[in-house]
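Using the supplied hints, reconstruct the complex from the two chains, each of which is provided in its own coordinate frame.
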Amino acid sequence: MSKNIFRRVLAASAAVIASVGLAFSVSGISIASAEIGSSATVATVPQCVWQISGASETITLTHAEFSADGHSKYVGQDFGLSGAGANTVQVFVGPTSASGVSTDPDNCAWYGATNTAASGAQVTYALPASPAFTSSASSTPGDNSLGFSLDGSTTTGSHTAQLVVDLTKAGCTDEAATTLVNSWTGSNSSNLKTGALSVTAAQLAASHTSTSSSCTWTTKLTTYVPGGKTPTHDSDTYTFTGPTVTTTLLATGITG
Amino acid sequence: MTLKTQGKRYLAGFAVVISSVGLMFTLSTSTLASADSVGSSASVGTVPTCVWQLTGVTDSVTLTHPDATAGGDTHIAYMGKDFRLTGNSSQQAKIYVGAAGVAGASTTDTDNCSFYNSGGLGVSNTGADAQLGIVGTGTAKFTATYNSSEDTAMTFPLDGTTPTGSSQVRNLSLTITPTRCVTSNIGAGSGDNWVKESGTTGLNATSSPISLALLSKANTSTTSTCSFASALSVYIPGGLTPAHAGQQYTFTGPTLTTTLSTSVD
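Protein chains in written order, with our numbering: chain A, 706 to 961; chain B, 731 to 995.
Excised from the complex, chain B in its bound form (with noise of 0.2 Å):
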């Protein structure tokens, strides 16, 4: 206790007994040696982990019938001509790197999350794939409803064909703008590398489902995210002869579901 006491291990010629973390020596008088121990430690901070996530999606697009300068024409009610209708999504929808729960990609931190176990390289460890599809593609159609009574002769189904009496396709019309799809979003952002629908599509029963953006896992980082606004159109055929004629009908479109995969190379 007095070397302890002193700080110090002394060599002498008799038996002296010294014991320090996990360890424990005897000397004897014929050997001299002494020992003391170095111990390390340190406090590491861990990031989140990173998760693929999707936000902006659930929305329900009112479609109304544009006049003549936005596409339509001069009709303010359906006479048994195509009938246009046009909407846009409220919503921005987003896919996008970031620690669970988190509103959007950082534009700032690179650190903000982590794939760990990534070979170490902070890459990736997945792509992402957003996909948007009718629901129930075999009877995907928009119900025509009056007096919340189905009128079958004004319902039409979206089956990508051109019915008698009209001059357009039967599809749903989805419209894709792009407004920031960037490979990492720090600061300006870096370049884009994700393959996204853009323009318009056609999403009728056998060309749905489509790949609105993809990022394969070799351009992932940490802050990767694609955003973009939507817009829906569609015709009600013309040649459709209303049950109720001059009474106000309300027409149901298909559900749309976007789903993200994240098994992506």
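Looking at chain A on its own, in the form it has when it is part of the complex (with noise of 0.2 Å):
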């Protein structure tokens, strides 16, 4: 078919061509011509941005060290608390709509700049100020007696007035669709405390920030109800409830 169209075939009788641009002059003869378009449809793959996920939750600490103190209440001792939370934390890009980390490179773009102009993200937990746990006896709400600041002082028992926490991350990459590079750096065990309020959890620099990057981690949280402490009312259970711990993704400045 192309060829017939680029073929211009006159019919076989006397013709004058004027000049270029083809004015034919044609009289008493039949001809065919044709004309070349083109048009085609595009689809955009939608903005790239982080997002973070499964960062909201509370988690319920038990004395797990039974077995190393023989204590399975406070008896005035350091009264170890741990747990571990239920959520997995995500950290990735990708569009608005998506729920979790993508191995497809095209699920978002970040137009107008390049995946390496593409801000990194940067994920901190911190503390308030003067943080600490404050405790309710069973028959008194309220009876502080045994609440505890994590100040970082030293403890009866030799321990330090603080929140462990404690990231077991898993499937942090730069570009989760080819690679398996790692360039995300943060703390995976921080004691925060008066004067350590804060940390730097998760970072991943601009440069390696690619379109499918991301990070997961579940949270361990660590403490010690000091020793030295005498209940209001012995022989109750005390509800124990800790700071808030505020889990900020800042996905701006995040150069390198």
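Hints are computed from structural coordinates only; laboratory data are not their basis. Among the hints, a few may not be true.
Claimed, not checked - Calculated lysine to aspartate or glutamate pairs in the DMTMM-like style (CA-CA distance at most 25 Å, straight line): (1) B:Lys947 / A:Asp774; (2) B:Lys871 / B:Asp881; (3) B:Lys947 / B:Asp995; (4) B:Lys947 / A:Asp939; (5) A:Lys778 / B:Asp839; (6) B:Lys871 / B:Asp812.
Here is the structure:
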């Protein structure tokens, strides 16, 4: 067909070609001609954004050291409490509609800039000023006689009054789609307390950010009810409430 | 709300407000940040407070005259000679650590109670000292009555002296026999750091009170205990002449008081 298009066939008859521009002056004959056009339909991918999920939860702490200290209840000695979160925290690049990490490099685009010009991301964990655990007795709500501050002091059992945040990371990659290069940084174990209220849990520089960068982890918290405290209502069960650990995702200015 | 339903926070070039526990962030078009929060909670039991306790010291001991084989003599009645009377307490006196109201120190659980606020070592905040004394030492005596009336001729004081006509000191002799005194009562028990009375002690107006058993603060645990049996003996001194010879007399001894002190280092 295209050959036919690029041929112009003039009937076997007398013809006069006047000039370039193909002005024909034909008389008494029949001719055929065609033109070239073009069109296309092109899809675009969504805008890439950094996202975080799974970071909102309440972690229940229990005493897991019975085999070590032999105490199932608080007896005035340091009493360890620890617990693992049920959630998997995910920090990832994707379209706003994404529910998790994608292995598709074209799942989104940073538009207007190359991926290397896109911002990296930083996730921080932070305690409020004057962090503390408060206590409440089963018989008398508001009995804070066993409450304690996370002030970094040394307990009677030679522990430090702090909240230990342990992160077990998995699947942290620059580009999940094609490589397993992991340029993520950040602390996997942090001792949060007065004077050390925040920590960078995970960070990826802009130069390593792709359209499928991601990092995931689970969280474990550990602290000690310090020894030497006297419950106002001995024999009661006390409920402890820890400070809010704020997880913040910053996705601007993380260059490098 | 849609964002919460999706369980995530996302960043984009438009204003977003995210509220979480105690937190509210306003995100502008130029500040890309979001925040969530991790809370924590725990439920922790506590044990009762440890207290020192004393039991088995309320009793009324009946004294009888032992025969010759038990240290007495062949007389069955007072004949103007030293006349011995003896008796055993039916109670086991016991000093112990435990939660208030328990019957004795635990034999299985060091966490049955806690002294709390004792430096976190769970050792103790006090030791204990049990002392036994005669009430009214200045007038300590055995009072003799016949037909509910005192016969002062037969009443005799406990003054630590040996009167004419007698070969015995006028004491109330207390014999203490420790049965189980341990620093820790768990299982077979630990060593014995108690400083305790043992053998026979003569109580009188000047020797009372005596320390029955003492445990220092440093040696006190949550299961410390000391128990002992006690026996009394006394001589009706020889040389007394009853106003109602041939009659049955009742002799009433002094009241002995056991006091537990817990302000012991």
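How the hints compare with the structure:
| no. | hint | verdict |
| --- | --- | --- |
| 1 | B:Lys947 / A:Asp774 | holds (23 Å) |
| 2 | B:Lys871 / B:Asp881 | holds (13 Å) |
| 3 | B:Lys947 / B:Asp995 | holds (5 Å) |
| 4 | B:Lys947 / A:Asp939 | holds (22 Å) |
| 5 | A:Lys778 / B:Asp839 | holds (12 Å) |
| 6 | B:Lys871 / B:Asp812 | holds (16 Å) |
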